[in-house]
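For the protein sequence lines, the chains are D and V, in the order given. The first sequence begins at 113 in the working numbering and counts up one residue at a time. The second sequence begins at 9 in the working numbering and counts up one residue at a time.
These are computed hints drawn from the structure, not numbers from a lab. Be aware that a few hints might be false.
[To be verified] With a straight-line cut-off of 30 Å between C-alpha atoms, the simulated DSSO-like cross-links for lysine-lysine are:
#1 249/D <-> 172/V
#2 238/D <-> 295/V
#3 240/D <-> 266/V
#4 209/D <-> 249/D
#5 36/V <-> 238/D
#6 94/V <-> 36/V
#7 240/D <-> 94/V
#8 12/V <-> 239/V
[Stated by the list, open to error] Short derived list, chain V residues pointing at chain D, Cβ under 7 Å:
#9 98
#10 99
#11 119
#12 121
#13 126
#14 139
#15 204
#16 206
#17 297
From a predicted model like this one, the values you see are computed outputs, not experimental measurements. A virtual CB, placed ideally from N, CA and C, is assigned to each residue, including glycine.
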Amino acid sequence: MTEIETELRVRRIENGTVIDHITSGKALIVLKILGLPDSSHGVVSVLINSHGIYGKKDVVKIENRELKAEEVDRIALIAPNATINIIRNFNVTRKNKVHIPSFVEGVVGCINPNCISNSNEPITSKFKVTTEDTGLKLRCFYCARVISENIAENLL
Amino acid sequence: MKFKDQHIISMREFSREMIDHILNAAEKMEPIAHGKHKSDLLAGKVLAVLFFEPSTRTRMSFETAMIRLGGDVLNLGSVDASSIAKGETLADTVRVVDGYVDAIVLRHPKEGAAQLASEFSRVPILNAGDGAGHHPTQTLLDLYTIKRESHLEGIKIALAGDLKYGRTVHSLCYALSHYGAHITLISPKELSMPEEIISDIVARGAKIVETDSIEDAINDVDVLYMTRIQKERFPDPAEYQKVANRLKVTMETLKGVKPELKIMHPLPRVNEIDTRIDDTPHACYFKQAFYGVPVRMALLGLVLGAIE
Chain D
113 MTEIETELRV RRIENGTVID HITSGKALIV LKILGLPDSS HGVVSVLINS HGIYGKKDVV
173 KIENRELKAE EVDRIALIAP NATINIIRNF NVTRKNKVHI PSFVEGVVGC INPNCISNSN
233 EPITSKFKVT TEDTGLKLRC FYCARVISEN IAENLL
Chain V
9 MKFKDQHIIS MREFSREMID HILNAAEKME PIAHGKHKSD LLAGKVLAVL FFEPSTRTRM
69 SFETAMIRLG GDVLNLGSVD ASSIAKGETL ADTVRVVDGY VDAIVLRHPK EGAAQLASEF
129 SRVPILNAGD GAGHHPTQTL LDLYTIKRES HLEGIKIALA GDLKYGRTVH SLCYALSHYG
189 AHITLISPKE LSMPEEIISD IVARGAKIVE TDSIEDAIND VDVLYMTRIQ KERFPDPAEY
249 QKVANRLKVT METLKGVKPE LKIMHPLPRV NEIDTRIDDT PHACYFKQAF YGVPVRMALL
309 GLVLGAIE
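Please construct the entire structure, taking both the sequences and the accompanying hints into account.
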């Protein structure tokens with residue numbers, strides 16, 4: 113696909129954020145993490161299974177919104193190769209790869225129904241994050257139960 | 009080594025050096041635990057015993073430990089008759105009770121409860137078991153028993169029973185990995201040790217073998233650690249019976265074992281150890297229950313700063 117064809121399918125944005133290199137098929141989860149679409153913001157464009165240099169990828173463009181660090185951390189849990197491009201006046205002013213946090217709080221719910229974090233206590237869920245050959249592992253700070261699959265399904 | 013004001017939550021946070029320090033302190037407490045020497049080491053100190061589920065042995069051994077050291081005990085009593093029945097959170101209960109006492113022993117059905125309590129408490133929390141999570145004081149008394157009745161370094165030990173939900177064996181495995189233990193895990197497949205625990209302890213240097221037969225392992229080990237298969241975990245009583253009867257130690261099972269084999273059990277037992285074994289030199293479970301007292305005395309002395 114030429115650049116013009118791509119441009120026709122997903123137009124450039126003047127100000128906002130482009131999340132590129134999202135793991136193919138995960139764009140809708142990225143939208144869920146960011147609470148989008150949200151009527152208070154501008155247009156959100158989603159490109160699914162786009163052809164990139166390293167194979168298929170998803171892309172999300174959000175007008176008039178720059179992502180906060182904790183939002184980027186959440187995205188890293190399900191799309192560890194994503195890049196965050198901040199666009200101002202049609203130009204990329206900052207381009208960062210997401211980084212996988214070593215600890216996440218209030219992002220994922222524990223899968224253990226008997227974990228104290230799933231009860232009516234004044235705490236937020238906390239996980240230690242490790243990366244292994246088999247992928248990401250989240251170990252609950254309270255009950256030590258490990259989540260290694262379907263992380264997206266347990267996002268809060 | 010600094011234990012004063014430290015919470016005791018999980019065996020995962022204990023180095024071998026820390027464990028050895030506690031076990032050495034426990035050894036010095038033994039004459040006081042037996043009532044042979046009097047002590048006022050913890051005179052003026054108050055311990056709160058918050059048990060949100062029953063556990064007679066653990067509660068009584070903590071209370072005995074505190075009383076033997078001259079301290080006092082404040083018992084929450086029945087949960088049904090307390091503010092918890094009105095819907096108070098654990099966090100609030102802890103924040104109230106820590107104003108009354110110098111340390112809190114907590115037993116709770118939810119996993120991670122002790123960790124939560126430690127975040128809200130101004131006094132040391134001693135985890136006396138939280139759900140199927142950790143029970144570090146049980147592990148320390150298990151280690152103390154192994155040390156006193158057998159040996160810790162390079163121990164060949166078999167753990168049998170409910171290894172999936174049995175928190176005592178989870179914590180014990182973590183601790184034994186410090187001592188280069190050869191661990192045989194004996195359980196029915198549906199009650200096998202969780203994978204994440206096995207990978208953790210292998211990474212720490214323990215050698216693991218898994219089997220579903222006591223007979224396959226017993227002749228080669230120094231210690232057999234039996235646990236109760238919990239009937240309440242099985243929706244079908246017939247399934248429970250099948251499994252419960254498969255893991256049973258009888259006089260017959262003991263033919264061919266090492267003479268110095270010790271059989272441990274956190275108690276209560278149901279039918280997994282034949283009562284005729286009680287009179288053999290292999291039976292170690294009642295001594296094990298007693299050893300909870302000096303170990304808990306040592307821990308209380310350490311976290312309350314009465315000993316170093």
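Going down the list of hints, with the structure as the test:
no. : hint            : in the structure
1   : 249/D <-> 172/V : holds, 20 Å
2   : 238/D <-> 295/V : violated, 40 Å
3   : 240/D <-> 266/V : violated, 43 Å
4   : 209/D <-> 249/D : holds, 20 Å
5   : 36/V <-> 238/D  : violated, 40 Å
6   : 94/V <-> 36/V   : violated, 43 Å
7   : 240/D <-> 94/V  : violated, 34 Å
8   : 12/V <-> 239/V  : violated, 40 Å
9   : 98              : holds, 6 Å
10  : 99              : holds, 5 Å
11  : 119             : holds, 4 Å
12  : 121             : holds, 5 Å
13  : 126             : violated, 11 Å
14  : 139             : holds, 5 Å
15  : 204             : holds, 5 Å
16  : 206             : violated, 12 Å
17  : 297             : violated, 27 Å
In this structure, the hints that do not hold are numbers 2, 3, 5, 6, 7, 8, 13, 16 and 17, in rising order.
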